[in-house]
Amino acid sequence: MDQDRRSFLTGAGKFIMLTGAASLAWDAVLNGTPDQAPNYDATAHWWAMTIDVDRCIGSGNCVRACKIENNVPDEPGMFRTWVERYQIRPDDPEHPIVDSPNGGHDGFAPIKDLPPGTKVFFVPKMCNHCVHSPCVQVCPVGATFESPDGVVLVDKSRCLGCRYCVQACPYGCRYIDPRTHTVDKCTLCYHRITQGLTTACAEACPTGARRLADLKSPKDPVHEFMRTHKVHVLKPQLATRPKVYYNALDGAVR
Amino acid sequence: MGRETRYYGHLIRVAVVFGLGFLAFVIIRHSLVPTDFGVYGFYRAGALDDARALPISFAGRDVCEVCHVAVVESQKESRHTRVSCESCHGPLAKHASGEFNPKPKTLHPRELCLSCHVKMAGKYDGFPQVDPADHGGDFACTACHQPHQPKIAMETGKKK
Amino acid sequence: MPGVEGFIYPNEVELQWSVLIVLYPFLTGLVAGAFILASLERVFNVAAVRPTYRLALLTALAFLLVAPLPLQMHLGHPERSFSMYLTPHRESAMAMFGFVYLWYLMAVLVLEIWFDYRRELVLTWRASRGLKRHFYGALTLWSDNISPEALHLDERIGRIITIVGIPSAFLLHGYVGFISGSVKANPWWSTPMMPVVFLLSAIVSGIAAVMLLYVFLSWVRRRAIDMLCLDTIATYLFYAFIIDFSLEMLDLVHRLYEADESLKALDFMVHTRLFVSQIVLQIGLGTLVPLGLLALTQLMRFSDARRRRLYVTAGLLTLVGIFAMRWNVVIGGQLFSKSFLGYTSYKMGFATREVLLPALAIMVLPFIILAVLLRIFPPWEDEPAKAELLR
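Residue numbers (our numbering), protein chains in the order written: chain A, 1 to 254; chain Y, 1 to 160; chain C, 1 to 391.
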């Protein structure tokens, strides 16, 4: 029974059965190394991300999925995305205790001797794909840039490895890949989102705290999300115009 | 090496050297800058294609549901309906594209389930959490909970 | 994690810019400073420093030739560095490096040296045989007109080049300060004072370096030191240093007064991780002591020998202090996390690409080049063989 269904589906029937997004995905998956999807118009999209701090449980699924999907080195200090845990203790609220053990890759251990009344929450971090990105501004050779659909990418064939962009990024989201000696960072899973899939981190998130958003699409849930939640970005005073929008971002978060 | 009679002759030679250098630079630049540079912005347009032509590891829930209809059925109104299959079963794009063997591995149930459900400060109210020390003893979580329908019906004590 | 205190973003564990990037501003600083000293004589007609004019130019050239080396060694892909000439991103200060460097090297320094030495080069060409003859012929571009009109033209052009060279030198080193000063993500770096402070400390270091070289080379050649020259240089060093120190203190006082969020993190860093390099080396031994010694020589009368010793001591300490300043800016700016919640540390290795041994080699190389330049372009005007040649 299963065998028949499979062979039917991989035949002509798939286009009838599948929704538009899934059919694009199916094609891409079947290809193994997906080529440029023929029906992707970059000007029709403006990619962003929403992160709901209230829903993050610190599972670390996103960090693991990102490392697998994007072949990120396992060494310390190389993260395209990571999760931070904040503890705001009642006796010293001015000084939050923050930790991110291996970027949250292996989850978090329960806190020993947690004083009652401590506020604890998890904050996933990633490249904010800023509209006025300081990293793009300082690249001397045009190796990092913002795509027409709003994703900040790195051209690995032109990057010199000068690390100026790593210095200029206020969010600490860039690192040097020791295998290519070029800079690397979150690409918003560009190879996935241009095929109708969502990002690996959003896919893996068990609570739906991380969601890919397309600001140019009128049907995208992001518009309702922004209307009904108190939304923040990181370091707004630097006017980088980040496109990762957090719900319930505590003022203590750096 | 004839005598240079013009008193400004050496200036002309310097100017020629600089001029040749400039010309060489223009020629080199023309041949080395990729033709698709600057098309969309100050970058090589081909970099967009490079960024898209990468292998996919996670297929996404939509793709799993195409074949595994029985699982979808069993997950109706489950607390795990929204959780992507690959959160637990790992990256499955290869599996979905036809390489059905070897079958995907899952972590040991206790380790896997606890990665989300261990009782810890910072999780939102109402999120099911257990302290492994006093829940379930040494049993794997799957001894009592069906992962696709994890909630145990309280009246009968049986898995739903 | 070892070396980490408090919380840092996970990608901040390792420093991005190493000791090589500390060396680069130090070297270009020496270039700019040496050139400014040379221009004192050429443009501002301070005749007293004439004995060091050519030495200063050659010193500037030697250091300028070595300056790109630490940058190349630091890059992940040095073979792609030519891209900065092919597709320079005009919004990036670093992209301007290639052109500013090339302009300063070719259109300012090389041309100025050429026009100043042309007469000697032609005469040497005529008086040599064999390989040396071909070499000097090429250097003169096989043009041998050294008539009075030609030399007068050279003099005027040289003067124009030096005048143009002064803002060019400002640009060469000022932009280095702008590279760090314009990074809004880093509060230790982000200040409009950065290019100014960098430039002034460059002038201080360049003057000190030429002064020390003059004393050292005079000792090697067993020639008397022109004390008027040395005193004048030391005076300019003193005043430049006062201006530099005042501006650095202004920056510090301003930060302490405004006391924004970053201050606590920076203050803590200065008192712990940067204590030796900032408080002891840069401010104490590297600024206050040499300023004090120089002030003494201005206020009191000392014998020639004692003044020389004081100048040499002050000069050496000055160079240590300016190097420490570069270290504190570059390395210091990366020791604290951009979250302001923690610190990492800098582990400088010994013998791989970006560490101590190459750094030392890069520091020694300019002196080797200078020794070669001194042979090709003898700067001294008190050599009997030279006088013979020029007759």
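Derived by calculation from the structure, the hints in this document are not laboratory data.
Don't take each hint at face value.
To be verified - Here are a few chain A residues that face chain C, going by a calculated C-beta distance under 7 Å:
#	residue
1	163
2	170
3	247
Where is the CB? At the ideal position from N, CA and C, for every residue including glycine.
Contradicted hints - numbers only: 3
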